[in-house]
Amino acid sequence: MSLLEAHHLTKSYGEGRFPDDISFVVDDGEILCLLGPSGCGKTTLLRIIAGLEIPDSGKVLFEGHDIRDVPVHRRNFGLMFQDQALFPHQNVFENIAFGLRMQRLPAEEIRERVAEVLHLVGMAGFEKRDVNQLSGGEQQRVALARSLAPRPRLLMLDEPLASLDRTLRERLMNELRTILKGAGVTAIYVTHDQQEAFAIADRVVIMDRGRKVQEGRPEEVYQRPATEFVARFLGLANLLPGRVVEAGPPLAVETALGQLMATDSPALLVGQEVTVLIRPEGARCLETGTPAENPIVGQVQTRSFRGGHYQVTVAAGGASLRFELDVLNGPLPEPGRQVTLCPYRVQVLPAPGPDLAIQAKQNRVLTICAL
Amino acid sequence: MTPKHAGTRKHGGRETRRVLRVSTSPLLRVSLYLIPLAFLGLFYFYPLFSIFRLSLAPEGRPALTALRGLVSTSYYARTLWFTTWQAALSTLLTLLASLPAAYVFARYQFRGKSLLQALTTIPFVLPTIVVATAFTSLLGPKGWANQIPMAVLGLDRPPINLMHSLSIILLAHVFYNYTIILRMVGGFWANLNPQLEAAARMLGASPWRAFREVTLPLLRPALTAAALLVFLFDFTSFGVILILGGPRYATLEVEIYRQAVNLFNLPVAAALSLLQIGCTFGLMVTYTRLQQRITVPLQLRPRRITARQPRTRRERWLVGINVAVMILLLVVPLLSLAERSLSAGQQGYSLAYYRELSVNRQSSIFFVPPLLAVRNSLLFAGATVGLALTLGLISAWLLARQRGWLGRLLDPVFMLPLGTSAVTLGFGYIIALAKPPLNLRTSPALVPLAHTLVALPFVVRSLLPVIRGIHPHLREAARVLGASSWRVWREVDLPIVGRALLVGAVFAFTVSLGEFGATVFVARPQMPTMPVVIYRFLGQPGAINYGQALAMSTLLMIVCTVGFLAIERFRYGEIGEF
Numbered sequence: 001m002s003l004l005e006a007h008h009l010t011k012s013y014g015e016g017r018f019p020d021d022i023s024f025v026v027d028d029g030e031i032l033c034l035l036g037p038s039g040c041g042k043t044t045l046l047r048i049i050a051g052l053e054i055p056d057s058g059k060v061l062f063e064g065h066d067i068r069d070v071p072v073h074r075r076n077f078g079l080m081f082q083d084q085a086l087f088p089h090q091n092v093f094e095n096i097a098f099g100l101r102m103q104r105l106p107a108e109e110i111r112e113r114v115a116e117v118l119h120l121v122g123m124a125g126f127e128k129r130d131v132n133q134l135s136g137g138e139q140q141r142v143a144l145a146r147s148l149a150p151r152p153r154l155l156m157l158d159e160p161l162a163s164l165d166r167t168l169r170e171r172l173m174n175e176l177r178t179i180l181k182g183a184g185v186t187a188i189y190v191t192h193d194q195q196e197a198f199a200i201a202d203r204v205v206i207m208d209r210g211r212k213v214q215e216g217r218p219e220e221v222y223q224r225p226a227t228e229f230v231a232r233f234l235g236l237a238n239l240l241p242g243r244v245v246e247a248g249p250p251l252a253v254e255t256a257l258g259q260l261m262a263t264d265s266p267a268l269l270v271g272q273e274v275t276v277l278i279r280p281e282g283a284r285c286l287e288t289g290t291p292a293e294n295p296i297v298g299q300v301q302t303r304s305f306r307g308g309h310y311q312v313t314v315a316a317g318g319a320s321l322r323f324e325l326d327v328l329n330g331p332l333p334e335p336g337r338q339v340t341l342c343p344y345r346v347q348v349l350p351a352p353g354p355d356l357a358i359q360a361k362q363n364r365v366l367t368i369c370a371l
Numbered sequence: 001m002t003p004k005h006a007g008t009r010k011h012g013g014r015e016t017r018r019v020l021r022v023s024t025s026p027l028l029r030v031s032l033y034l035i036p037l038a039f040l041g042l043f044y045f046y047p048l049f050s051i052f053r054l055s056l057a058p059e060g061r062p063a064l065t066a067l068r069g070l071v072s073t074s075y076y077a078r079t080l081w082f083t084t085w086q087a088a089l090s091t092l093l094t095l096l097a098s099l100p101a102a103y104v105f106a107r108y109q110f111r112g113k114s115l116l117q118a119l120t121t122i123p124f125v126l127p128t129i130v131v132a133t134a135f136t137s138l139l140g141p142k143g144w145a146n147q148i149p150m151a152v153l154g155l156d157r158p159p160i161n162l163m164h165s166l167s168i169i170l171l172a173h174v175f176y177n178y179t180i181i182l183r184m185v186g187g188f189w190a191n192l193n194p195q196l197e198a199a200a201r202m203l204g205a206s207p208w209r210a211f212r213e214v215t216l217p218l219l220r221p222a223l224t225a226a227a228l229l230v231f232l233f234d235f236t237s238f239g240v241i242l243i244l245g246g247p248r249y250a251t252l253e254v255e256i257y258r259q260a261v262n263l264f265n266l267p268v269a270a271a272l273s274l275l276q277i278g279c280t281f282g283l284m285v286t287y288t289r290l291q292q293r294i295t296v297p298l299q300l301r302p303r304r305i306t307a308r309q310p311r312t313r314r315e316r317w318l319v320g321i322n323v324a325v326m327i328l329l330l331v332v333p334l335l336s337l338a339e340r341s342l343s344a345g346q347q348g349y350s351l352a353y354y355r356e357l358s359v360n361r362q363s364s365i366f367f368v369p370p371l372l373a374v375r376n377s378l379l380f381a382g383a384t385v386g387l388a389l390t391l392g393l394i395s396a397w398l399l400a401r402q403r404g405w406l407g408r409l410l411d412p413v414f415m416l417p418l419g420t421s422a423v424t425l426g427f428g429y430i431i432a433l434a435k436p437p438l439n440l441r442t443s444p445a446l447v448p449l450a451h452t453l454v455a456l457p458f459v460v461r462s463l464l465p466v467i468r469g470i471h472p473h474l475r476e477a478a479r480v481l482g483a484s485s486w487r488v489w490r491e492v493d494l495p496i497v498g499r500a501l502l503v504g505a506v507f508a509f510t511v512s513l514g515e516f517g518a519t520v521f522v523a524r525p526q527m528p529t530m531p532v533v534i535y536r537f538l539g540q541p542g543a544i545n546y547g548q549a550l551a552m553s554t555l556l557m558i559v560c561t562v563g564f565l566a567i568e569r570f571r572y573g574e575i576g577e578f
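Line by line, the protein sequences are chains A and B.
Reading the first sequence from the start, the letters are residues 1 to 371 in this note's numbering.
Reading the second sequence from the start, the letters are residues 1 to 578 in this note's numbering.
One or more of the hints may lead you astray.
For lysine to aspartate or glutamate, the following DMTMM-like pairs were computed, each having C-alpha atoms within a straight-line distance of at most 25 Å [as the list claims (entries may be wrong)]:
id : chain 1 : residue 1 : chain 2 : residue 2
1  : A       : Lys181    : A       : Glu215
2  : A       : Lys181    : A       : Asp130
3  : A       : Lys128    : B       : Asp493
4  : A       : Lys59     : B       : Glu59
5  : A       : Lys59     : A       : Asp28
6  : A       : Lys181    : A       : Glu127
Here are some of the chain A residues that sit facing chain B, going by a computed Cβ distance under 7 Å [stated by the list, open to error]:
id : residue
7  : Leu52
8  : Phe81
9  : His89
10 : Phe98
11 : Gly99
12 : Met173
13 : Gln311
14 : Ala315
By construction, these hints were calculated from the structure, which means they are not laboratory data.
All C-beta atoms, glycine included, are put in the ideal place defined by N, C-alpha and C.
Next comes chain A alone, as it looks inside the complex (with noise of 0.2 Å):
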């Protein structure tokens, strides 16, 4: 049996409603993260968990109860905010000892777990340190220490690293993933940022406005986005419209870059208006006259270094598509010049309907607005 259940949960918020009649499944030891761009309605979600909101409709099991009616204080999870919320009146051992006073241990008992918490998050020692002298990363471990100590049947934690800047973020990141499996905590995870809820996560549920569009472990989330908006904002921006000429499999479409072969094929018809994506990772770079699968020709407008790749664009087809070429492999291609380029791999989405396209530009905005 899941740990915790979230039924058809809504909250309105002037016209719209995020979230918007969501439904997921937490299991017991699991990490869940929460994806989705800025005001989608995810920090909601976790506040209605927490109690700290009351949704409009759904209910929230726990352990298979309803626990609408148990208050904030005694539903025993834990909650670690963006800014992190740490009383600034406490030094770093009060504000993790706060939870486990509620609990009514003894002293002896809150020292020993504040310590170790403390060894846990890598601050061994700093117990009467002032949370305000802190640094940025070790207020957020303090912040983590303090929601770990009353061993949370259920921790969430609200984009914990958002603040932070870029090196800490990512240096924290792999390290969040091995403290909280250390703790054997189950967690639900609040972020925007893909790369956090990839390196974090057992499993995601990416949202778009308010609406849950695709759940799946990261590497399938990654590997086959279920929509336009998903695609693009995992920063798979290769998109273009096409119709399926063959139904295959292999299935072929027909693009601007004239016919591709797609690699996976769901079920579609001849005729049908499709998204295709064309991957941007493990593309090569082939001399001209090279046959392949999905040859592209297009025009290199620019091309950067990136340490373990470099990054060009080309222009084919009236559009502008992103590569990611190895370093070691195959000849690199000046700015300027005509190229043909092999992609890894070539996908097909359903392509958005008419209304679903309006949507599709306003994700974009989200996205970019996001990022």
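For this one, chain A is given, so just place chain B on it according to the hints.
Okay, now just chain B, sitting in the frame of chain A:
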């Protein structure tokens, strides 16, 4: 499900939400509101209403005799005119003296700056009576300002005779309000991005042009608000004019006091109070409007970036001269007060004047041993602290929770006493609370009540930003960690507010110790406070009386200074400023 049923369920949901947010029952909240509102109603609005009634209907029926009295002779018009132009002139002089210092404090970093900043604020927190005494001690015939030139130049008569002149009034006003300009304008200036002026210079503006076209327009809201506040304080000046101006000069405040106490012409005093209330309220409203304008978001910079060491000789001179003026103007009068309180007779320093405080040399029935006045003052101050903190905590907590129209309406209501002159208040008390239904004339409670009213805005202003500033996430974090709503208040709200509470307490304490305008009306003759006793000493002839006034003023100065330094130490950063 029937529609009715659905309705109740929806209602139930909303109910739960409200309980979560506020977690106090409506009944409790209403009764909490009633406490500070009842206090304001009884001890602020009721006395003011009595003044209105007395001036508009002196014998119980509407009659304009008292108001007509004001316009029948040109005397009161002249008083109003004098009040206005001396306030305007004082404000102008204060600006001239203090703006260069504001610039120096904003843009330069030098040794002793923070000490100097604290020192310059001391005059502002001193009771008027102490300031007046300090100026008589410095500029009187036996003061340093006369004794030093006499000794150096061999004169046989004091060269400076400023007592009971306009100059000494203006000087005292500048002394008093210097720090308002320095703090408000200088503080704002310090956070202005110097890059803006640099950008104007790069675009071809001369230094003066850059100041006039970039810095000055940005400073204007702070400058106007500060100037208006100084004007308000000068306009309602009482102790300074009464003691330093002598019988020749009278502001509205002094005139109210004379009409009520010396001439016992209550209807005229009431009519004058009405005039005074009208003027101060107009000024207060303008001031609050401007205060809101100050909070227009600007690209402000932390001070440590905008201030630097003076480098050129010219810059060092600029800093040096300003520091010298500050010390001469603000520190010397206080030093002179302390020095002269210790120099009884001709032979060196002694504590003779202080010892005199416990001796009763007079046989007047109104005479009260000065030490008793110290005890009275401390008792009243203690009562004021308790009362003002209780009321202030409730008021600030309610104001912080109330964000709708009620909050917008109540916030200025709690600030109203700040805009009402103390003399008007005291006068209102003796005409309203000295007869049934509420006869407190014989009760010593009147003094702490008046003091609480004066102190309440300061206490609320110290607490409100801190309570408002507690991020809701802190309370929510505590709740999620298992604290009940009462526990949240005890563990989060109260400790964070603790320091602000201390600041409010010290404010209330010093306000009570120094309050003069209202106390001189409401204190019972046999239970005077320290300022009242100092005033009595100053009114009596003889070196011993004057010496005792000096000694007691010095004591009061020390207590207020220590209190002020405590406030500076305890408050969080810059919050709670006016």
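Supplied contact hint for His89 of chain A, tested at 7 Å Cβ to chain B: holds (5 Å)
Take the C-alpha atoms of Lys128 of chain A and Asp493 of chain B, compute the straight-line distance between them, and say whether it is at most 25 Å. With a Cα-Cα distance of about 22 Å, the restraint between Lys128 of chain A and Asp493 of chain B holds, given a limit of 25 Å.
Can we keep the Met173 of chain A interface hint, with Cβ of chain B closer than 7 Å? violated (22 Å)
Per the CB criterion, is Phe81 of chain A less than 7 Å away from chain B? holds (5 Å)
Taken at face value, is the distance from the CA of Glu59 of chain B to the CA of Lys59 of chain A at most 25 Å? Violated, because 71 Å separates the two Cα atoms, which is more than 25 Å.
Is the hinted pair Lys181 of chain A and Asp130 of chain A satisfied, with a Cα-Cα distance of at most 25 Å? Violated - the C-alpha atoms of Asp130 of chain A and Lys181 of chain A are around 28 Å apart, more than 25 Å.
Does the CB of Ala315 of chain A sit less than 7 Å away from some CB of chain B? This hint is violated: Ala315 of chain A lies away from chain B, its Cβ roughly 40 Å from the closest one there, beyond 7 Å.
For the pair supplied as a hint, Lys59 of chain A and Asp28 of chain A, confirm whether the alpha-carbon distance does not exceed 25 Å. holds (19 Å)
Take the C-alpha atoms of Lys181 of chain A and Glu127 of chain A, compute the straight-line distance between them, and say whether it is at most 25 Å. holds (24 Å)
Take the shortest C-beta to C-beta distance between Gln311 of chain A and chain B; is it under 7 Å? With Cβ-Cβ at 35 Å, over 7 Å, it is violated.
Compare the distance between the alpha carbons of Lys181 of chain A and Glu215 of chain A with 25 Å, and conclude whether the hinted pair is satisfied. holds (21 Å)
Residue hint Leu52 of chain A, partner chain B, criterion CB-CB below 7 Å: At 6 Å from the nearest chain B Cβ, Leu52 of chain A passes the 7 Å test, so the hint holds.
In terms of the numbered hints stated before, the structure departs from hints 2, 4, 12, 13 and 14, listed from lowest to highest.
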